[in-house]
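*Asks:* For reference, the chains in residue letters:
Number of protein chains: 2
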Amino acid sequence: MNIKQIKEAAKRLHGRTFSTPLMSSTVLNELAGRRILVKPECLQHTGSFKYRGAFSAISKLPKSTLANGIVAYSSGNHAQAIALAAQQHNCSSVIVMPHDAPKVKINRTRRLGSEIKLYDRAKQSRENIAFQLADERGLTIIKPYDDPMVIAGQGTVGLEIALEAESHGIKNADVLICCGGGGLTSGIALALEANAPGLRARTCEPEGFDDTARSLAKGKICHNEKLLEGVCDAIMAPSPGKLTFPIMQRLCGPGLVVSENQALHAMVAAFHHLKLVLEPSGAVALAAALFHKQTSISDPAIVVLSGGNVDPSMFAKALAIDKNF
Amino acid sequence: MNIKQIKEAAKRLHGRTFSTPLMSSTVLNELAGRRILVKPECLQHTGSFKYRGAFSAISKLPKSTLANGIVAYSSGNHAQAIALAAQQHNCSSVIVMPHDAPKVKINRTRRLGSEIKLYDRAKQSRENIAFQLADERGLTIIKPYDDPMVIAGQGTVGLEIALEAESHGIKNADVLICCGGGGLTSGIALALEANAPGLRARTCEPEGFDDTARSLAKGKICHNEKLLEGVCDAIMAPSPGKLTFPIMQRLCGPGLVVSENQALHAMVAAFHHLKLVLEPSGAVALAAALFHKQTSISDPAIVVLSGGNVDPSMFAKALAIDKNF
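Chains as they are written, first to last, in numbering that gives the first Met the number 0: chain A, 0 to 324; chain B, 0 to 324.
Each hint should be verified, as a subset may be incorrect.
A pair counts as met if it fits within one copy or between any two copies, since identical chains are not told apart.
Computed list of lysine-lysine pairs in DSSO-like fashion (alpha-carbon distance at most 27 Å, straight line) [claimed, not checked]:
id, residue 1, residue 2
1, 225, 59
2, 170, 142
3, 316, 219
4, 102, 316
5, 170, 116
6, 322, 116
7, 59, 217
8, 3, 102
9, 292, 62
10, 292, 322
Just so you know, the hints here were simulated from the structure itself, not pulled from any lab data.
This is chain A alone, in the form it adopts within the complex (with noise of 0.2 Å):
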């Protein structure tokens, strides 16, 4: 992985991604104890960065492959990417999904015309479940971040933040990133690497999938114990990717980890003082910022807000936790 394969990628994406700009808020700053600037990838189309790292792989693809079909696994963030990405290509999809998955994500990935197959997180593999439909359809899989394309589109992120951050005079400041896979840190940090030196990334999860924090901190892969319940959905991946993870180890800060609470809590700081939809794993590295005021993390901060599907169940469950407003 290189940044001339970003810069390519940021090629294809250009006039199909949305620019999302950094934005701020007073009362975010004084809440945090530090001035915060957010990068709200929950604006992007389909509702997350991901829509980036599925264009920049679908359209690296070879004409043949695409009248072929893909085939993609995901909690959901990942799937309407993809099937919006394939949908732009005149290329059928297949997406298995979590049964469990958020109802919106479902629903909204079979509304862009993919066929959806659902599965039981608990007793069957994804994995599997995907390279089986590929080899009896032809199908090519496209990974949700163990795929240099993929890692190529989430970076493009990075580019913009080091492009922002120098308009606004900012020269050093950690990025804070939601991370599952580490397809976005590890993009966002490459460029980040290239074209803004000053600034780190980090990644933030949630406690009891903190997989990267402890990967980082021991210098090899570690695992989840459990990958079930939990409400940040799209950030459970079992562990750090076979590619994203040696880029995090070279590039990345110590990783931040948050409390599902404190996720809830940025998401209605979010709703009140940025006027931005979250979901809860698209709340996590502002979370860090907000909570974590005592640790090592740079004023200012940048925060990628990475997505906003949300089940309107769940967000009135967050608004109902923070009555202080």
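Since chain A is already given, all that's left is putting chain B on it; use the hints.
*Replies:* Chain B in isolation, oriented as in the chain A frame:
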């Protein structure tokens, strides 16, 4: 009022306001049956476009006036905007607000350092209270819409729309605008007249508060029969303003009216498909774009989302009305 005043306001606001980007959603286009581009002013500082007009007006005041302090009346969006802009000019502010305004608006205005005077909308005149305060304490009144510098500030929304529409290749379109007293609409209309004459401003109002639509149709200022109840608290002005109406009469297309229920559905659409938090008043123009399918609204249409300051309970109420997502 002229375009020069708007361009001068833009200079004063440079580096202060957030240049909200035009956004789109393929799903929203499908739902509306037309291409929609939204201007998300809910993302503006203090959660509504009002910050533009407030900063524009306060930044023109002489130092002696700033030293004495200002007074404003508002259901909450102009209030917060005045509070923040006054704070930024080291100027004290008093805000006259209805006691039944959304709690977020009252609390946020107070936290921004303003002195709050609550009044009873059914029994008292906010203008009288403000004029009395101005008299007693030597304060300067900043009206919510019938003030040239306020209109000039709101007009900067129109300058940005003109610029962005051009970059999207849009030369002819209706620009739908949530309308209370007409400050935002008249400012945008003037900016479009100068910089994008193929774009036409159109007012959008909730049923029962359609004073502007009726005024435009009859060619004279009409009033609302009631000014109580109603979920669209931010746009319940009694009538178009003396300054704003002649501008709207000269430049705007026919006014559009939607039901409150349609405004709530538009809030839900913005939640799902734009990941934006809107208040009912801020969703009225989107409701017109979504539900006025058979009328003469243009394709494409540009929609100004004017604000997002909403109590969690009202937001949860809106989410509960629409189970089909």
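*Asks:* Under the constraints set out in the numbered hints, which ones does this structure not fulfil?
*Replies:* Result: hints 1, 2, 3, 5, 7, 8, 9 break, sorted rising.
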